[in-house]
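Undergrad: Sequence:
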Amino acid sequence: MQIAVLGTGSVGQAVAARFAELGHQVTIGTRDVAATRAGEYAAWAAQHPEVGLATLAEAAGAAELVVNATNGNGSLPALAAAGAPNLAGKVLLDIANPLDFGAGFPPTLSVHNTDSLAERIQREFPRTLVVKSLNTLTAELMVHPRQLAGGEHSVFVSGDDAEAKRIVTGLLISFGHTDVIDLGDLSTARGTEMLLPLWLRLYGRLDTAIFNIKVVR
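Reminder that position 130 of the sequence shown reads as 130 in my numbering, one-by-one numbering, no gaps.
A couple of the hints might just be wrong.
Calculated pairs, EDC-like style, for lysine to aspartate or glutamate (alpha carbon to alpha carbon, straight line, at most 20 Å) [what the hints assert, rightly or not]:
{"id": "1", "residue 1": "Lys-214", "residue 2": "Asp-182"}
{"id": "2", "residue 1": "Lys-90", "residue 2": "Asp-161"}
{"id": "3", "residue 1": "Lys-90", "residue 2": "Glu-58"}
{"id": "4", "residue 1": "Lys-214", "residue 2": "Glu-152"}
{"id": "5", "residue 1": "Lys-214", "residue 2": "Glu-140"}
{"id": "6", "residue 1": "Lys-90", "residue 2": "Glu-124"}
{"id": "7", "residue 1": "Lys-90", "residue 2": "Asp-179"}
{"id": "8", "residue 1": "Lys-214", "residue 2": "Asp-179"}
{"id": "9", "residue 1": "Lys-90", "residue 2": "Glu-64"}
{"id": "10", "residue 1": "Lys-90", "residue 2": "Asp-160"}
{"id": "11", "residue 1": "Lys-90", "residue 2": "Glu-163"}
In short, the hints are calculated from the structure, not lab data.
Please take these sequences and the hints and turn them into a complete structure.
TA: Below you can see the structure in the form of structure tokens.
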């Protein structure tokens, strides 16, 4: 599959590297290719020559599936730069969280309760098939879940399109996830995004990001 990962940070890098390892054709999308190549990204790129780099619009336009791995508060502008026509009809796996660091750490949520970042993306890009997932765990566990408890922990999917969720679920299973829970329509992303305040407190208490929730039923 041709996959565009929008975002050059640690999440984007982890997801892009894992997709490439699994045999997908991966391009990372960025606002400014020259500036990205001249920055800290260069060292990672040298270790992952199989992952391409292009503008947001170029990466999204050539992709079959797009991953939003941008900073949550910058997601809508980044997706607008990628271009609605380049996203139309495609599955968009939204990993971002609407974290607001305006008052320092720990951050609060800029969207919550009656809305979610995923729903805002869907409203802005109605022809795109938005699926929320992977936003409730750290990047390394997103892509290598079996390093913790043999992968026996839970990950969630939310979305309005059943086929889009099926595609994303298949990718999660290929990563090594063994407990993928379909929460329902995209409004259920409010719940997973609102897990972040708890996640942040656990991170502070446990002093490690290598943890996750297991739904026992």
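Undergrad: Can you confirm whether the C-alpha distance between Lys-90 and Asp-161 stays at or below 20 Å?
TA: Holds, at about 11 Å.
Undergrad: Taken at face value, is the distance from the CA of Asp-160 to the CA of Lys-90 at most 20 Å?
TA: Since the Cα atoms of Lys-90 and Asp-160 sit roughly 13 Å apart, the hinted pair holds (cutoff 20 Å).
Undergrad: Would the pair Lys-214 and Glu-152 pass a check requiring their Cα atoms to be no farther apart than 20 Å?
TA: holds, 7 Å
Undergrad: Quick one, are Lys-90 and Glu-58 close enough, alpha carbons at most 20 Å?
TA: The given pair, whose Cα atoms are some 14 Å apart, holds under the 20 Å limit.
Undergrad: Take the C-alpha atoms of Lys-90 and Glu-64, compute the straight-line distance between them, and say whether it is at most 20 Å.
TA: Holds: Lys-90 and Glu-64 sit about 6 Å apart, inside 20 Å.
Undergrad: Given the hinted pair Lys-90 and Glu-163, is their Cα-Cα distance within 20 Å?
TA: Holds. Lys-90 to Glu-163 sits at ~11 Å (cutoff 20 Å).
Undergrad: Hinted pair, alpha-carbon criterion (20 Å max): Lys-90, Glu-124. Please report holds or violated.
TA: Holds: Lys-90 and Glu-124 sit about 14 Å apart, inside 20 Å.
Undergrad: Can you confirm whether the C-alpha distance between Lys-214 and Asp-182 stays at or below 20 Å?
TA: Roughly 14 Å between the alpha carbons, so the hint for Lys-214 and Asp-182 holds.
Undergrad: Taken at face value, is the distance from the CA of Glu-140 to the CA of Lys-214 at most 20 Å?
TA: Within the cut-off at roughly 17 Å; holds.
Undergrad: Compare the distance between the alpha carbons of Lys-214 and Asp-179 with 20 Å, and conclude whether the hinted pair is satisfied.
TA: Cα-Cα ~8 Å, so holds.
Undergrad: For the pair supplied as a hint, Lys-90 and Asp-179, is the alpha-carbon distance within the 20 Å limit?
TA: Roughly 25 Å between the alpha carbons, so the hint for Lys-90 and Asp-179 is violated.
In this structure, the one hint that does not hold is number 7.
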